[in-house]
Amino acid sequence: MKCLVKVDHVSKKFKGFMALNNVSFQINEGEILGYIGPNGAGKTTTIKILTGLIRDFGGAVSIDGLPIPSKIEEATDMLGYLPQRVSFQDWRTVDHVLNTFGKLSGMAGDSLERRIVEVLELVGLSDVRHKKITELSGGMVQKVGFAQALLHNPKLLVLDEPLSGLDPESRYRVKKIIKDLSKNGTTVFFSSHILSDVQDVATRIGIINLGQIIKIGTVDELNAHFSITNHIDIVLSKGSEHWKNLESITGITNIERPSPNRFLVHTKHKVDIDEIIYSIIQKLTSLDCRIRSIKPVTSSLDEIYLKYMEGGVNQ
Amino acid sequence: MSLSLLIKDELKGFYVSKVMIFLWVGLPLMAILLYLFMPDSGSDVLFTALSAMIISSIAGTLAAVMLAVSIINEKNRHVYDLFIIRPIKRRNIILAKFVAVYTCVAIACIIAISLGLAIDYFVNGGVSNTVLNALQVSLTLSLSMMAISCSAGILIGIASPSILMGAILVVYGGNQISAISILPTTLGLSNPVPFTIGLSAIVTGVLLLIAIITFNRKQF
Numbered sequence: 001m002k003c004l005v006k007v008d009h010v011s012k013k014f015k016g017f018m019a020l021n022n023v024s025f026q027i028n029e030g031e032i033l034g035y036i037g038p039n040g041a042g043k044t045t046t047i048k049i050l051t052g053l054i055r056d057f058g059g060a061v062s063i064d065g066l067p068i069p070s071k072i073e074e075a076t077d078m079l080g081y082l083p084q085r086v087s088f089q090d091w092r093t094v095d096h097v098l099n100t101f102g103k104l105s106g107m108a109g110d111s112l113e114r115r116i117v118e119v120l121e122l123v124g125l126s127d128v129r130h131k132k133i134t135e136l137s138g139g140m141v142q143k144v145g146f147a148q149a150l151l152h153n154p155k156l157l158v159l160d161e162p163l164s165g166l167d168p169e170s171r172y173r174v175k176k177i178i179k180d181l182s183k184n185g186t187t188v189f190f191s192s193h194i195l196s197d198v199q200d201v202a203t204r205i206g207i208i209n210l211g212q213i214i215k216i217g218t219v220d221e222l223n224a225h226f227s228i229t230n231h232i233d234i235v236l237s238k239g240s241e242h243w244k245n246l247e248s249i250t251g252i253t254n255i256e257r258p259s260p261n262r263f264l265v266h267t268k269h270k271v272d273i274d275e276i277i278y279s280i281i282q283k284l285t286s287l288d289c290r291i292r293s294i295k296p297v298t299s300s301l302d303e304i305y306l307k308y309m310e311g312g313v314n315q
Numbered sequence: 316m317s318l319s320l321l322i323k324d325e326l327k328g329f330y331v332s333k334v335m336i337f338l339w340v341g342l343p344l345m346a347i348l349l350y351l352f353m354p355d356s357g358s359d360v361l362f363t364a365l366s367a368m369i370i371s372s373i374a375g376t377l378a379a380v381m382l383a384v385s386i387i388n389e390k391n392r393h394v395y396d397l398f399i400i401r402p403i404k405r406r407n408i409i410l411a412k413f414v415a416v417y418t419c420v421a422i423a424c425i426i427a428i429s430l431g432l433a434i435d436y437f438v439n440g441g442v443s444n445t446v447l448n449a450l451q452v453s454l455t456l457s458l459s460m461m462a463i464s465c466s467a468g469i470l471i472g473i474a475s476p477s478i479l480m481g482a483i484l485v486v487y488g489g490n491q492i493s494a495i496s497i498l499p500t501t502l503g504l505s506n507p508v509p510f511t512i513g514l515s516a517i518v519t520g521v522l523l524l525i526a527i528i529t530f531n532r533k534q535f
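Quick note, the sequences are listed as chains D and A, same order. Mapping the first sequence onto our numbering, position 266 (from 1) lands on 266, and the numbers just tick up by one. Mapping the second sequence onto our numbering, position 181 (from 1) lands on 496, and the numbers just tick up by one.
Worth double-checking, as some hints may not be accurate.
To be verified - Which stretches of chain A does chain D cover? Using the computed rule of at least three CB atoms under 8 Å from a CB of chain D, they are: (1) 321-328; (2) 387-394; (3) 422-429.
Unchecked claim - Straight-line alpha carbon distances no greater than 27 Å define the calculated DSSO-like cross-link-like pairs of lysine-lysine that follow: (4) D:K238 x D:K215; (5) D:K132 x A:K323; (6) A:K327 x D:K132; (7) A:K533 x D:K103; (8) A:K533 x A:K323; (9) A:K327 x D:K6; (10) A:K327 x D:K71; (11) A:K323 x D:K131; (12) A:K333 x D:K131; (13) A:K404 x D:K103; (14) D:K295 x A:K533; (15) A:K323 x D:K103; (16) D:K2 x D:K13; (17) D:K103 x A:K390; (18) D:K176 x D:K238; (19) D:K103 x A:K327; (20) A:K404 x D:K13; (21) D:K15 x A:K333; (22) A:K533 x A:K333.
The set of hints was computed from the structure by calculation and includes no laboratory data. Values in this document were obtained by computation on a predicted structure and should not be read as measured data. Cβ atoms here follow ideal geometry from the backbone N, Cα and C, with glycine treated the same way.
Required output: the full structure, derived from the provided sequences and hints.
The structure is reproduced here in C-alpha cells:
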C-alpha cells in the first residue's frame with residue numbers, strides 16, 4: 001500500500017512546553033488510523049501540524065509527497081478537516097456553510113448542489129439545510145463540520161474528536177461513514193477519547209502520551225506487545241460439575257466460576273492459547289460435557305491503553 | 316477568485332446580520348438627528364459639512380471596532396481554521412474583511428454626505444462652489460481616515476488576544492493613527508486632496524502589510 005501521510009521526527013515546543021517530541025509515523029492509503037492519548041498528550045498539535053494550521057515545527061511532514069507546510073495550498077485539495085471545536089460565523093445557515101466551503105474548495109454549480117444534498121443526507125441533516133447555525137444543537141454543528149470535511153471528496157480525512165458530543169445514533173452513523181469511505185480508498189486519521197469507538201473503526205491505532213508516540217499498531221499487535229495473560233471463557237450446558245478436572249491441563253493457572261455453568265480459565269504467560277483450547281475441548285468431551293461456547297477473552301482497547309499509559313513512554 | 320468569493324461572503328454576512336442596514340440607515344439618521352437637535356443649529360451650519368464631520372468621526376471608529384472585534388471573536392472561536400485549510404491564500408481572508416467593511420462604511424459615508432447635500436440644496440435653494448470644494452475635501456478626508464481606521468482595526472484584531480483589549484486599543488490607538496490623514500490639510504497647501512489620498516494609501520498599505528505578515532505567521 002502506498003504511504004499517503006509521513007510524519008518524520010516532528011517536534012513542537014510551546015513556550016517551554018514540549019507538545020510533541022520526535023514523533024514519527026506513516027499512514028497508508030485507505031487506512032484508518034485512530035490516535036488516542038490523554039488530554040494534553042499532543043493529539044491536536046499533531047493534527048494541526050498535519051493540516052498546516054501550525055507551521056512552525058521541527059522535523060518533516062508530507063501528504064502524498066507534498067511537504068507541509070510549504071506545499072499546503074496544493075495539499076489542501078485532497079484534505080478534509082474537522083476541528084475539535086468546530087465553529088462557524090453566527091449569521092450562516094447550514095446551506096451557507098456548505099456553499100462557501102464548497103466554492104472555496106473549487107466546486108461550483110450543479111455538482112456542488114448535488115454534493116451538498118448528498119452529504120446532508122449522509123450525515124442526516126437534510127431537514128436543517130436552511131436553518132441558522134445558532135439554531136442547531138452542539139451535536140448538529142459537529143455534523144455540519146463533518147459534512148464540510150466530506151464535501152469535496154477528499155483523499156485524506158483528518159478528524160479531531162469527530163465522535164465527541166454525538167448521540168449514539170449519530171456516533172454509529174459517523175463510524176459507518178468513516179468505514180465506508182475507507183473501503184472506497186479514503187484515508188482517515190482521527191483522534192478520540194472514546195476508546196471503544198476507536199477500536200470499532202480504526203484499522204491501526206496510535207497511542208501518544210507526553211508528546212511521544214508510545215506505540216502504533218493493530219489492536220492485536222498492541223495486545224501482543226504486552227503479552228497480557230489470556231483468559232478463556234467457557235459456557236457449558238451439561239457436565240458443569242466436572243470443571244475441577246480442567247485444572248490438570250498444562251498452562252492453566254486457575255479457574256473462576258462466575259455462574260454455575262460459566263467458567264473463566266486463566267492461563268500462564270506466553271502459552272499457546274489455541275493449544276489450551278484444544279486440550280480443554282478434548283477434556284470436556286471425554287467427560288461427556290456439552291459445550292455451549294468457548295472463546296478466548298481478548299483485552300479491550302481500554303485495558304491495552306491503560307497498560308501503555310502505566311508503562312510510560314519507553315515501551 | 317478566492318478573494319472575490321471571500322469579499323462576497325463577507326458582504327453577505329453583513330447583509331444577513333443587518334450590519335449594512337445599521338450603517339447605511341443608522342449613520343445618516345444619526346447625522347439628521349444631530350442636525351435637528353443641535354442647540355445652536357442655524358442657517359450658518361451646513362448640513363453637508365455636519366454630515367461629513369459626524370461620519371468621519373463615528374464611522375472610522377465604528378469600522379475599526381467592528382473589524383477588530385469580529386476578527387478576535389472569529390480567531391478565538393477557531394472559525395478561520397476551516398478557511399485556512401482550503402486552497403486559498405491566508406492574506407485573502409484579511410483583505411476580504413478589509414474590502415467588505417471599508418465598502419460598507421464608505422457607502423454609508425457617501426449616503427450621509429449626499430443626504431446632507433440634498434437637504435442643504437432644498438433648505439438653502441442651492442449649493443455654492445465653495446461648499447462643493449469643502450465637501451470634496453471632507454469626503455476625501457472621511458474616506459482616508461476610514462481606510463486607515465479599518466486597517467488599524469484589522470491589525471489590532473489579529474494581534475490582540477481578547478475583545479476587551481482589542482476594543483481599548485482601537486479606541487486609543489486606531490483612531491489616533493487615522494488622524495494622520497489630516498496632516499496635509501494643515502500644511503496650507505492649495506489642494507491637499509492628492510496628498511491626503513497618497514498619505515492615507517501608504518499608511519493603510521503598511522498597516523495591512525503588517526497585519527498580513529502577522530496573520531501568515533500565526534499558529535492556529
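Structure versus earlier hints - violations, ascending order | Per hint list: 3, 4, 9, 10, 14, 16, 18, 21, 22 violated.
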